[in-house]
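Protein chains in written order, with UniProt numbering: chain C, 1 to 416; chain X, 1 to 293; chain Z, 1 to 329.
To list a few chain C residues with every Cβ distance to chain X over 12 Å, as calculated:
1) A105
2) E106
3) R152
4) V276
5) A414
Just a few of them, taken from the derived set where beta-carbon distance is under 10 Å, the chain X residues facing chain C:
6) V87
7) L171
8) S172
9) T175
10) G242
11) D250
12) F251
13) Q258
14) D260
15) W274
16) T287
I should point out that these hints are in silico values taken from the structure, not numbers from a laboratory.
For each residue, glycine too, the CB sits at the ideal point set by N, CA and C.
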Amino acid sequence: MADNETPRRTLSARGRWAVPGVVAVAVAAAVGVPALASADSAGPPDVTPAELLTRVAEAEPTPVQGTVVYTARLGLPELPAEMTGADPLNLLGGSSTLRVWSDGAERSRVSLLGATSEYSVVHHGPEAWTYSSTDDAVTHYTLDPEDVARYRALAERVEAAPSAGADLPTPADAAAQVLAHAEEDADVTVDRPTTVAGRDAYQLVVSPTDDATLVSRVVVAVDAETAQPLRVQAWSTSDGEAPSLEVGFTDVAFTAPDASVLDFSAPAGATTEEVVVPLPEVPADVAAGTVPDDPAGALPEGVAVTGSGWSTVVTLSDVDVAGLVGGDAASLATVPGAERVLGSEEAQDLVQQFVPSDSDGTPGKPSLDTTALYDQLTTEVPEGRLLSSTLLSVLITDDGRVLVGSVPADALRAAA
Amino acid sequence: MSRAEVLDGPGAGLPVAAPAPVAFARLLRSELRLVLGRRRNLVLLAGLALVPVVIGTVLLVTRDSALSGQGPAFLAQVTGNGLFLVVAALFLCLPFLLPLCIGIASGDAVAGEASAGTLRYLLVVPVPRTRLLLVKALAALTFAAAAVLAVAVTGLLVGAAFFGVQDVVLLSGSTVPVGEGVVRVAGIVAYVGLSLTGLVAVGLFFSTLTEVPVGAMAATVVVAVVSTVLDSLPQLSAIHPGLLTHHWFDFAEFLRVQVDWGVVGSGLAVQAAWVAVFGSLAWARFTTADVTS
Amino acid sequence: MTSTHDADGDLAVRTAGLTKRFRSGQVAVDGLDLAVPRGAVYGFLGPNGSGKTTTIRMLLGLAHPTAGRAWLLGSPMPDAAARVLPRVGALVEGPAFHPYLSGRANLARLDAGDATADPRTSRRRADAALDRVGLSAAATKPYRQYSLGMKQRLGLAAALLQPRDLLVLDEPTNGLDPQGTREVRHLVRELADGGATVLVSSHLLAEIEQVCTHVGIMSRGRLLLQGERAALTEREAARLAVTTRAGQADAAAEVLRGLGLADVARDGRALPGGAGTARLTAALGPTPPEKVSAALVHAGVDLVGLEVDRPSLEQVFVELTGEGFDVAR
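Bound-form chain C, shown alone (with noise of 0.2 Å):
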């Protein structure tokens, strides 16, 4: 009989089919599962704002090497991506990646990776590089000699350490700026625990009392085992959805890099400028990380402050916002203070990213057009031009001074 010949078991149709759509749910599987098991960790102890914040500023610096991603949703228009590579323009939209080692003393690294470029950061106490694998440049930051001996001085009283040079966006820093003076016009409370980079981590919120600001709350994720600041994220009133910046890390170790990781020496070929950086005379409060209650008393000429708190505005009178934004070095004779610090922190940073060139204190080259892009983010309003996005406003009025706030586009327009 036929029916006898034993025909090989061999899957149906039906059956045949049926394997891709198991492969299909194993992939799915695969990358949520790790999502779900993150979710389901037991937590850390429960903990209280005071003592997670005298946690925080006891934490000793430690060793650390990480992935770091740092995330924009400030509501301005489209930028070209990936137009300049690993430039620090990027971080003004989207989301962009470091990376990051440090030794927890002296030695740092920081790279903002592009596609296919980098730009880096390198620390060496008060020595610094940076390093744009897109225009093979670098540039060398130094102390004259009588300011070594003076910042060795300061680094023996100051743990946070000044340093010269551009700095790229870490959680460290942003936590260090919203933290320094959080019980300032802000409610500090503790969140349920949360899980960043895969360590448990508490997080703690701080929301400003002045209704003026744009600012909504900040927190602050910080590690439970180490009290390092794992992710920063900054809300905004006008987006309940998603942080307007979060930076923090994807993945984290605290252990000590390699020591070449730390090393720089500019490479061979490489444009490489020299720039010694004048050491500022500061006050102790400040160089302890603080900013003095009323900073209007060492405010430069042509800076004046309005309001107080999350709803400082800023004003600067006389820039020549043209030449600036054209990468007319002269025209930076014309910001006054540049290197001063701002009434509110996120000011500072915006404002630094928004002009990076100014911030170095140096006229970087030009890397795009920088007038269209001024013109791209800008609106035209009748006091001159508006950027307006969900953390900051920057009003440049027609007759050079610019107002700058965590408050809404209005409230600049008032003020001007």
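Given chain C, work out where chains X and Z should sit, using these hints.
For chains X and Z alone, kept in the frame of chain C given last:
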């Protein structure tokens, strides 16, 4: 003696089949000879090999004046270090030329045999369908590897001849010795090759759907292009990490001061996922479909 | 399945209720019960589009039946494909090879896919197969330079790469000139003499009718009839025509009816014997013609002429279906 043999009657002994791996290897050799001996495919490889020659010549003539400040850093670095010609050529071929070649090779794999009618004769030889699909997949992967190597090897030769080979300056600004530089560039070549495996699987699946090879080829290339377009839309950032082409340029990881194997691994894992899904789809389709060509 | 294994063992090809319904809903093959005895040369006949090729595709495991089952050499298809197909040579719907490879390279390519083929003898077997179909001289020419007839021959050579127990030849004479057609017929007979079973399909009855021992006729997806060719053409519709003097027509008709012949009728057409003769026709049935002539003579009828018209398969087909054979649907 089994009943089957009795039924066959005297003198009709069952033919003895070689062990599956032996039969597989024999068919694979034949398939590779077919794919790598085909003039169209050789022209494709030669065309790819021409890319670094052209870039190198242009850079040699213009001495980077034409390209400075444009494109990725390693394009400008080529004149200083011929090793970067490999990277620059791969960078320029990756968005379109390599997917095109992969599309042609993998889209043709099954559909080409179907349209020529040779598929039915292979199947009645008989070649088991799973074995045939595996052989086709391996041959397409081999062609993909040959395509990447065509770019890399000519890039290395032309780069070394025109500009010499020096210590390698990484994107991070660190400098590594030639030996490590060559290893890192080899890593890039391997990563680029493996990054194309997902597209090979997609092409193979399309190839099982149709008897019109050009259709399968075009569809494969379209997938790569559409993936690139989707990858550039920030509104779709949620799906970006899973896109076929999203991690292609992560080969730059090999040029950073510390290679993050997590990044390399996730890029390869995405390819593995595409290979698993589309490979199994191709298998399900090919082993159940009626061959009507 | 109630058939005994002996019966099955004698069948090289068997199908039971084999049915193929396309996704369009069209039924290409409808409940086919083929039975091809071992050693037979089975003429699988039918007009273009009658379902022959679809049936062959299902027999060889290329297409999956919607319903029903098929056995080749006693083993179920497609489950036993790996075991059975090495013993089956096939030409399906015309030859197909890689155009840029030579005839010999194409055969080597197919041989490389055969797990049962010995790679050491591959070249020798390929050359022998090419020789058998008369392609030795063109062995190294690329396939694309082959004429239609040469392509067909190469297809046959591929089917002959290995010793086969069964050959399935779909339209093997397509594209061949009369000389080539004769050669194919000769080859088929030779293969059958060697003990192989040959299933040969064609839409041109006359071309293969002569070599067949068995016949199956398909139309519109159904098998109209199958069996030994001789029996089919004998049994069915052999006709007798008797020419007599005009005046004796009635007597002759009487004799014919007396012999039990059916369908006796007077043919009014112009007669070969000229004026004064009459022509009667009748279905011959199993009656031997010599018995008819003897009876007529015995009854005193002057026999001017007696013809026996044995119908060709084509006529059988027309009779069965009422339509011409070589008509595509």
